[in-house]
Amino acid sequence: MKKLLLIFIMLVSTTGCIKVGFKDVDKRFFVLGFGVDKTEHENSPYKVTLKLGIPSSKIEPGQAKSQLITQEADNIPDAIRMLKSKVDKELDFGHAKMLIIGESLAKEDVRAPIDFFIRRRDIQEIAFVAVGSPSAADILEVNPKSEILPANALFLSFEEVATESPFIVTEYLFDFYRRMTEKGLDPYMPIIKTENNLYNINQVGVFDKQKMRAILTPEETRAFKQLLRKFAKSNVSARSKKVDFSLSIEQFKSNFMFDAKDEKKLQIKIKMRGIAEQSNAPLFQADWSEYEKLVGSAARERFLAVLQTLQKNKVDPLGLGLIYRAHHYSGEKDWENWQGIYPSLKFDVRVNVKMSGTGVIK
Amino acid sequence: MNRYFYYPIAMCMLMNTIIFVPNILLARKEKGALLGMLLSLIIGPLLGYIFTKSFSRFKKKGLPEVLSQFVPKYVMVPVLAYLSCMWFAAGSIVIVTYTLVIKRYIMPDMPQELLLLFFMAAVCYCALKPTRTVLYLLEVILMISVPLIVIILVKAVSNEYLSWYAIWNVASDYVFTVPNTDVMSAATYIFSGYLNLVVFNKELGGQFTLKQFWAVPILGFGVLMTSFFIPIGFHGTIGIDNYVYSWISTADSMRSEFGFVERVMYLFLLLYLNLSLIFTTVSWHVGYQLANSLFAKRGLIGYVLLGLMIMITIGLIHYFSEKDFLTIGTKWLNVRLYSEVLLVMFIYYLSRKGKPI
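Quick note, the sequences are listed as chains A and B, same order.
Numbering-wise (numbering that gives the first Met the number 0), the first sequence opens with residue 0 and increments by one.
Numbering-wise (numbering that gives the first Met the number 0), the second sequence opens with residue 0 and increments by one.
Chain A with its partners taken away, still in its complex shape (with noise of 0.2 Å):
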């Protein structure tokens, strides 16, 4: 008798959490991508545009359905409350893995929405971060033709598990949010922009603890990608009088050690091993070690170009001041020094190229 009133006790409250603690899921409106951009507007300078998807029973490639919805308010949380009386259903974060500032708001300073999405205990800390351009509204409003899901080609692009380009710098939330904290090491998000219903995503901005500083070239895109994340499945050409020539890289190893006689001065070595994937002439009976050198000296200059934007535009997403840090042992004043180190900072890089084959043909 006792255990039955337990029992009925327990079954009656629960039915109260049903009404006020869950909602189901044909209740719920699924946010795949958030959108945040400037409005020229002072009394509303933010504008949110929600991606959300909408469930349907077949699933194909390009009949994924979405919805836009968008809102201009004082902030971001003024602007979800208002977005929430234009639709039927719950707003639902969980899902929101696409997380996109507009450009001109990236320029000035990402700090609000950022705060607000790390804050936000529903949005994911693995969300993928960009900066959409010419605006956020723009990169959602795209649905490629390939897409299964709503903004499945987005999550795609990021998650390094289908494609693989070493023009794209995948950024998480928790990343950039620590980037924007810690003391040298700045943050960076890669930038889509849309061609002919699509995305493109080749180039990344350089942010400094606050805006944007700058926007890297597709060709120092693929140099930084492989020094942050020593990404090896890219290629690099070589050309000269005589060789029109490119290596494919299959493995990339990187170390960043600073010089122990002089202090403003960084060694990178690059061990970089591939196979030739194009040549105007045959390869396998010339003597390879000429090749290496060129590819090698290609990509050197490719290196130290990249390095030396990142200094001029004093920003330092390769976390070299971290490494400074590491290296050294005296608390705070490591940072003070660094910070008069970088901007004369000597770079010296050493790239040692492998080449072990010539591909299936000679």
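Quick caveat, the hints were computed from the structure, so don't treat them as lab data.
A virtual CB, placed ideally from N, CA and C, is assigned to each residue, including glycine.
Mixed in with the good hints, there may be bad ones.
[Unchecked claim] Computed list of chain B residues with no C-beta within reach of chain A, every gap over 12 Å: (1) Leu38; (2) Arg56; (3) Val78; (4) Pro129; (5) Ile140; (6) Asn179; (7) Thr208; (8) Ser255; (9) Thr326; (10) Tyr347.
[What the hints assert, rightly or not] A few chain A residues that face chain B, going by a derived Cβ cut-off under 10 Å, partial list only: (11) Leu172; (12) Asp174; (13) Arg178; (14) Met179; (15) Thr180; (16) Asp333; (17) Asn336.
Chain A is fixed; fit chain B onto it per the hints.
Just chain B now, with coordinates in the frame of chain A:
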């Protein structure tokens, strides 16, 4: 029965993330957290060894029986009452913190008092069972939890976003800073699972050896290092200070591409649901057994005590905020360190010089 002596120790080690140990240590990472952790690797196991060695002389006896044999009643009653309060408080702090976490991350719309009530109903049901049942339950839950913990640790350490430079920066720059009491009490906490012997000894009956005790400091070292350094590696040397629940945010920063659920956080929350409930069960069971021994008429008193605890805990969650609980947790850990040292010395004295009265 040997393993049943080590289970409560393992349980306390695993519970450190909920009972604010990483929060306290991370907030003081420039103020001696590192040296504190290293010192605690000596102090914690040493206290544990002395206590266990002394206590195992009292075969098949819990603390109430030992005290009634050696000391007069006016000493025994306050000591047992105080210890019982400490154990109840430990359970309450854990269950309240975990309720706040669940409310934040899983059920934001549910009243926290109701959620807490459900948890405590389950806990009280188990805590009122015989000691042997509680020990079996503890074994089952640890067996389920350990593989999950290993998965999370492997995912964390093999993650390419874990910054070893940040970890090394914190580890190397502030090693020789002298720690304060807060740090010491947080760091030694993970070893204090052996104290549950005050009740469990009745079941274990001295049927255990300390042959494997060398593993305790080694495991403790691993636990302290991972729960201190992995959050730093994920959130940076400065960013980590901004997180309220550093470990839950750390688990949320991991992605399991091919798992059932992409967010590792849910795995983590599920794991700590198990562990928090069993921790509260064990500590309330110990607290209840200690208090119960003070009364001649047992049974009914137990229900009254646990009912009182439920009411106090609901009152706590109702009137205090997250910030207050961190303060309460820190204070509790401090008081625990002093009490632990005194208790160990007291038991050591009784086992050497104590004369039965």
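Hint check:
For B/Leu38, the condition that its CB be more than 12 Å from all CB atoms of chain A holds, with the nearest at approximately 20 Å. Even its closest Cβ contact with chain A, about 42 Å, leaves B/Arg56 beyond 12 Å, as expected for a residue assigned away from the interface. Taking the minimum C-beta to C-beta distance to chain A, about 35 Å, the non-interface status of B/Val78 holds against the 12 Å cut. Its beta-carbon lying about 19 Å from the closest one in chain A, B/Pro129 satisfies the requirement of being farther than 12 Å from that chain.
Remark: the non-interface label on B/Ile140 is consistent with the geometry, its nearest Cβ contact in chain A lying 22 Å away (cut-off 12 Å). Distance check for B/Asn179 against chain A: the nearest CB is about 18 Å away, which clears 12 Å, and the non-interface claim stands. Distance check for B/Thr208 against chain A: the nearest CB is about 42 Å away, which clears 12 Å, and the non-interface claim stands. Distance check on B/Ser255: its Cβ comes as close as 10 Å (rounded) to a Cβ of chain A, failing to clear the 12 Å threshold; non-interface status is violated.
No Cβ of chain A approaches the Cβ of B/Thr326 within 12 Å, the least distance being about 22 Å, so the stated non-interface status holds. Chain A leaves B/Tyr347 outside its interface by the beta-carbon criterion, the shortest separation being 41 Å against a cut-off of 12 Å. Given hint, A/Leu172 at the interface with chain B, holds; its Cβ is 9 Å from that chain's nearest Cβ, closer than 10 Å. Because the smallest distance between the Cβ of A/Asp174 and any Cβ of chain B comes to about 6 Å, under 10 Å, the interface hint for this residue holds.
The criterion of a C-beta within 10 Å of any C-beta in chain B is met by A/Arg178, whose closest approach is roughly 8 Å, and the hint holds. Contact between A/Met179 and chain B, as hinted, is supported at the beta carbon level, the nearest pair being about 7 Å apart and thus within 10 Å. Because the beta carbon of A/Thr180 sits about 4 Å from the nearest beta carbon in chain B, less than 10 Å, this interface hint is met. Because the smallest distance between the Cβ of A/Asp333 and any Cβ of chain B comes to about 8 Å, under 10 Å, the interface hint for this residue holds.
This hint is violated: A/Asn336 has a C-beta 13 Å from the nearest C-beta of chain B, more than the 10 Å allowed.
The structure does not agree with the numbered hints 8 and 17 stated previously, though it agrees with the rest.
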